[in-house]
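Enquirer: Going line by line, the protein sequences match chains A and B.
Take the first sequence: its position 25, counted from the start at 1, is 25 in UniProt numbering, and no numbers get skipped.
Take the second sequence: its position 96, counted from the start at 1, is 96 in UniProt numbering, and no numbers get skipped.
It is worth saying that the hints were derived from the structure and are not from the lab.
Each hint can be trusted.
When chains are identical, the list treats them as one kind, so a pair holds in a single copy or across two.
Below, a list of computed lysine-lysine pairs in the DSS-like style, where the Cα atoms sit at most 25 Å apart:
(1) K41 with K72
(2) K72 with K98
(3) K21 with K72
(4) K69 with K98
(5) K40 with K69
(6) K72 with K40
(7) K41 with K69
If you're wondering where the values come from, they're calculated on a predicted model, not measured in any experiment.
Protein chains: 2
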Amino acid sequence: MTQLAETPEPPYYAVIFASIKIEEDQGYAETSARMIELAKKQPGFIGMDSARVDVGVTVSYWQDLASIKQWKQNAEHQVAQAFGREQWYSRYKIRIAKVELEYGN
Amino acid sequence: MTQLAETPEPPYYAVIFASIKIEEDQGYAETSARMIELAKKQPGFIGMDSARVDVGVTVSYWQDLASIKQWKQNAEHQVAQAFGREQWYSRYKIRIAKVELEYGN
Numbered sequence: 001m002t003q004l005a006e007t008p009e010p011p012y013y014a015v016i017f018a019s020i021k022i023e024e025d026q027g028y029a030e031t032s033a034r035m036i037e038l039a040k041k042q043p044g045f046i047g048m049d050s051a052r053v054d055v056g057v058t059v060s061y062w063q064d065l066a067s068i069k070q071w072k073q074n075a076e077h078q079v080a081q082a083f084g085r086e087q088w089y090s091r092y093k094i095r096i097a098k099v100e101l102e103y104g105n
Numbered sequence: 001m002t003q004l005a006e007t008p009e010p011p012y013y014a015v016i017f018a019s020i021k022i023e024e025d026q027g028y029a030e031t032s033a034r035m036i037e038l039a040k041k042q043p044g045f046i047g048m049d050s051a052r053v054d055v056g057v058t059v060s061y062w063q064d065l066a067s068i069k070q071w072k073q074n075a076e077h078q079v080a081q082a083f084g085r086e087q088w089y090s091r092y093k094i095r096i097a098k099v100e101l102e103y104g105n
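Only chain A is shown next, with the shape it has when bound in the complex (with noise of 0.2 Å):
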């Protein structure tokens, strides 16, 4: 079933990962799902809410910045990393940011 992610009284940090992908990923769809259960085991993950049309928008809750530190030197991160960079993503951006507010239902 399809969910949102679940997400502690604020302050938390996101990271929202927007981009745009070439045609020919190869290989990517395996280490994008690779690297989503990696995460999901890293300390300090809290969730993430994503979707990809032609624009992918993924958006992923930390409890802290040296969780996300953490993270983003993981060493299959990194190999993933560089995919991204050189292969699979014409563009990318990535937005570090500390949430204060949250609300809805």
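Got chain A; can you put chain B on it based on the hints?
Expert: Showing chain B alone in chain A's frame:
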């Protein structure tokens, strides 16, 4: 052409809107398009990245909290918000976050 939002040097603000839509979303597409058109005319609006499959993730970027508040209170937008809450979204979550760092290509 599909493009990503162009944003200035941080700090600025992001509104992260994650939602799940119900099946019968009468009037949704028109109102959604109209709200995007209207948001672009608001003071402080910077840009937006958006995608929807099952989950929709829309991140809009704003100069400051005052701009976000003003947009939230826009009369036409308030009608759309009510439709969203009462008719279109089975779940939604809005997070207001201060962008501290940005990188990409």
